[in-house]
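Asker: For reference, each letter of the sequence shown is one residue, going 1 to 360 in the numbering used here.
One or more hints might be untrue.
Here are the computed lysine to aspartate or glutamate pairs in the EDC-like style, where the Cα-Cα straight-line distance is at most 16 Å [as the list claims (entries may be wrong)]:
#1 Lys359 / Asp294
#2 Lys83 / Glu144
#3 Lys178 / Asp138
#4 Lys234 / Glu344
#5 Lys336 / Glu278
#6 Lys336 / Glu242
#7 Lys336 / Asp238
#8 Lys269 / Glu309
#9 Lys269 / Asp238
#10 Lys134 / Glu170
#11 Lys336 / Glu315
#12 Lys359 / Glu309
#13 Lys178 / Asp231
#14 Lys237 / Glu170
#15 Lys359 / Glu278
Just so you know, these hints were derived from the structure itself, not from any lab. Values in this document were obtained by computation on a predicted structure and should not be read as measured data.
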Amino acid sequence: MGIGKKIRWLLVVVLAAAGIVTACAFIFQDANSGEVEAYYISGSEENRENLRELFTLLAREDAPASDQFAVIREIAHTYARAKDYGRLIQFLASRTVRDPSDPYNSYYLLMTAYAYIQMDAAPVAARYFDLIVKNYPDLTVNGESIHLACLNQLIALSTRPEQQVWYYQELISRFPDKIDLGVTYFKLGQAYEQTGEWNSAIQAYTQYLPYTGTIIPGFPNADNYAKQQVDFSKSPKDWTFESLPALLQAVRSAIDGGSPTRLQRCQAKVNFFARSWEQQETDDSGMADFNLTDFMRGNRVRYNAALDESSNATEAYLRTSGWSQYISVWYLYFRKIYFPSNPEIHGRWEWAGVYYGEKF
């Protein structure tokens, strides 16, 4: 974090502490006292006159709670429009501290969090959003749920997958008709992966599958990814090899012997693809279930002595040729299996697909 950001963050923390202290001090003062009014009456002459009228209305003890809420809300909006976030925070803090049982406190805390967002203090705002969801009853304002608004903000602000899991679960269980379930189930699966809860991740991806076609921001191949994870989890995985050398030996031996049956035993039984280099990974036409006998009968298939130079620790390409007169060159694609939910399979190797044609 740069020096400027550190200083700004320190100022925000000091302001937050000062707001709480000020709010507590105001509890012991008359809400109509000159000291309180002098502090809260600020801005242009028009603003000051408007605030005087609002605080006069607020001082009416016989006003119903709904009327008081409307006045407090207008005062808060007045500060927000003036970008006077310090007074906004202190005013709302004084209200929530003075009356912890006020049914509108969740809204006041939401406005407080909004103020911190505007002050570039997202971590402080996130604490308020979390506090509202976990400790205050929901409130509907203008037809919108405050808890729903907080959960959406928390998902955007949170960097801890354990927290994100809880937020996504709350969205799904409480607001299924207010959210995009496809996006939420997929993101829940991603969060579970980051926490290491692989079985729960597979369950989330399974729940995502009925929503295929959903656009997942930042994840264009979400449909294929979820399907591959689910299909692989259900498969016997008996085609995997302990290491890349063991897999290469089996493939080369099958090709040398001209045996499509032996070669097919090396082929992945789920998610195997065959596509040109130009085809996108999201193109379903790339998924293949072809008969190797049709390509090996009467042809002399050869393979390069070494793997392609683009191979690395998790992926490998073997150039082969002689498959057919139309597309003679195939690159066999091998990959290291990423499946932490099963330590016996995780880290093994599989022949996952074929790329047709020369590699450019």
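Asker: Could you run down the list of hints and mark each one as holding or not?
Answerer: Status of each hint after checking the structure:
no.	hint	result
1	Lys359 / Asp294	violated (23 Å)
2	Lys83 / Glu144	violated (24 Å)
3	Lys178 / Asp138	holds (15 Å)
4	Lys234 / Glu344	holds (15 Å)
5	Lys336 / Glu278	violated (23 Å)
6	Lys336 / Glu242	holds (10 Å)
7	Lys336 / Asp238	holds (15 Å)
8	Lys269 / Glu309	violated (27 Å)
9	Lys269 / Asp238	holds (9 Å)
10	Lys134 / Glu170	holds (11 Å)
11	Lys336 / Glu315	holds (6 Å)
12	Lys359 / Glu309	holds (11 Å)
13	Lys178 / Asp231	violated (30 Å)
14	Lys237 / Glu170	violated (35 Å)
15	Lys359 / Glu278	holds (10 Å)
Violated hints for the displayed structure, listed by number in ascending order: 1, 2, 5, 8, 13 and 14.
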